[in-house]
Amino acid sequence: MADGDSFTHQVSTLGASDSPFYTPKLESLSEEVRSLLENYSGIEPDRVVPHIEEMRDRAWKIYPYPCIGMFRFVNVTLLKSPHYPTILSRLKNDNHIFLDLGCCFGSEIRQLTADGAPSENLYGSDLRSEFWELGYDLFRDRERLKASFLVGDVFDSSSELGKLDGKVDILHAASFFHLFTYEQQLEVGKRIVKLLRPVEGSLVLGRMVGNTEPGLLTSRDGKKTLYRHNEESWAGLWREISELTGVKFEVKSHLVDTPGHMRFFNDAPRPTPQGRVQLWRKHKEYLLSQSFIALKRNGPTGRLASLSLRVEVPSDVVNASAGYIRRLVWDEPAVAIFLITFRALSTSQLRIESLDMFNNQGRRRRGLPCNVLNNVDWDDEGLTESLSSLRSLSIGLSNQVFKFEEYEYGSVIDYHVRTNISMTQGEKNFTGLASLFQILKNLNSFELHYFCLGGELPSTDRLLQHLVALNSLPNLTRCKLRGIFATETDLLAFIKRTRVNHLYLQQVKLSSGSFRSIFDYCTSAASPISKVDFDVLYEKDREPSPKVLFLETASSMLENGEHGPRSDFLIRNGGDINQPISYSTDLRFPTGRMRSRYTASA
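Here the sequence shown is numbered in the working numbering, starting from 3 and rising by one per residue.
Worth double-checking, as some hints may not be accurate.
The calculated DSS-like cross-link candidates involving lysine-lysine, where the alpha carbons are at most 27 Å apart (straight line), are [unchecked claim]:
(1) LYS482 / LYS498
(2) LYS165 / LYS250
(3) LYS443 / LYS298
(4) LYS148 / LYS94
(5) LYS192 / LYS250
(6) LYS226 / LYS94
(7) LYS82 / LYS226
(8) LYS286 / LYS82
Pairwise CB distance ranges (calculated) [what the hints assert, rightly or not]:
(9) GLY248 / GLU145: 39 to 47 Å
(10) THR88 / PHE157: 27 to 35 Å
(11) SER356 / PRO335: 16 to 24 Å
(12) ARG299 / SER356: 36 to 44 Å
Don't read these hints as lab results, they were simulated from the structure.
Ideal Cβ positions, reconstructed from N, Cα and C, are used throughout, including at glycine.
Build out the structure end to end from the sequences listed, making use of the hints.
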């Protein structure tokens, strides 16, 4: 039997109903369990709860594990895993072998069977065969279930588990690892490796009690110890197992706040303030991933048509003179929202078709700090799947690199306002967008708004430079670039290689070269461009950068110059698209002194 709640409380008299782990009545039951017992087991709806209570009381007399007394033995949690559809497919289509290590009544095996997995390929293992026998009575399937049960001590090399050595494709271990010391967990890992089929794709999954700060725990009576993990220490454990066995693993895990469990672990390490903040964020990530999974399973299309990330800033803060206030109320939540969302997308593998990240209309003076894009593994399989159908991307980025220092309860008490120029010029500020772009094979609409904070900074044209360095770029129907810095060569290359149809350039500043070659390409007969919209452009052939003024009709006139009516914006489409573009530059309208049809906010 595998359940961690028996660790810090000594179980009272065998079968006693006054145990803190004994809940007299089943107060709530998940829809998944009810459906399983009604549809798979054929139990009448009004008999489901009494039937579970009867089975629990019989099991409690065998041995009073906390999960028995609190009705958790009947739960089916594998169903909620984002890997469940893949697991089911592998079992149904590939005849893979599934082992539930520490299976108790075998609830997970019944759920897989009910969903169409061939039960002859399903195995359960536990220390006590009595609970498996009760499982037949609980699910009323003794005559039809073909799954096999193995009495097995994972530390006993001669146990029945040896029958499956090298044959298991998918191993489920729930509430199991947290029962042991770190050294014992290494031995469990080595035994699992021996059970797994030695091929790429063999899968181990499950759950356990964890902690934001990993470490060894000792029971109140000092007779038992165990080791509890966070994500980093869990990955470290499997690195050691890999070194010991020569088998490589890709490890993914996340912490979820479960207050109902924590009350039974009074000797658990107390989390630090930073740990509490981390756990809060992990809980939000878990809730969001579960929502995405529900949309994937139950939505009409199995995907999300549109996803928008934004930070709502009060109007009094938007206009606040203290820059650190704006950074505090924008940057910290924006980064948290971004990371939580993309981890949830990776977990759920929910496909999305349109994504707006901090570029929506409203009060905002900044975007997501561009260095944060490098905090995501864009090669992650789940994330690649989620973004494989993305057709529209709108993103707001800014150059600011920031650092927080947290007070006791996670609030920021000191914000480093001064920009470290060397940090803002680091490559990680410019490569993240290209890494994201590389997996967007079906993109046809792209909008980038770049907020340059604290004035112009050197080398910010590298953002586009890394995009055009990619081996391939998607063909874009629509592209809008706003507030960016670029060289003439890179901007022209990006426009040509994406074969854009509708091109919008707003508040774009060339760090070298001129717009001449770009305008000529846009109006050439060989170009696929059918519409251009240019607004407030600058060439940096001298300091300060002069504004581009188009020599057009008086209807778009900014002023009358020596060459006639001049405007700082130009729109062309239809039959006018191939007409040559005439322009001049004027130092009387340098950066920051523009008058146009738009309110400047870049």
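The hints, checked one at a time:
no. : hint                        : result
1   : LYS482 / LYS498             : holds, 14 Å
2   : LYS165 / LYS250             : holds, 24 Å
3   : LYS443 / LYS298             : holds, 21 Å
4   : LYS148 / LYS94              : holds, 15 Å
5   : LYS192 / LYS250             : holds, 12 Å
6   : LYS226 / LYS94              : violated, 42 Å
7   : LYS82 / LYS226              : violated, 32 Å
8   : LYS286 / LYS82              : holds, 16 Å
9   : GLY248 / GLU145: 39 to 47 Å : holds, 44 Å
10  : THR88 / PHE157: 27 to 35 Å  : holds, 30 Å
11  : SER356 / PRO335: 16 to 24 Å : holds, 22 Å
12  : ARG299 / SER356: 36 to 44 Å : violated, 21 Å
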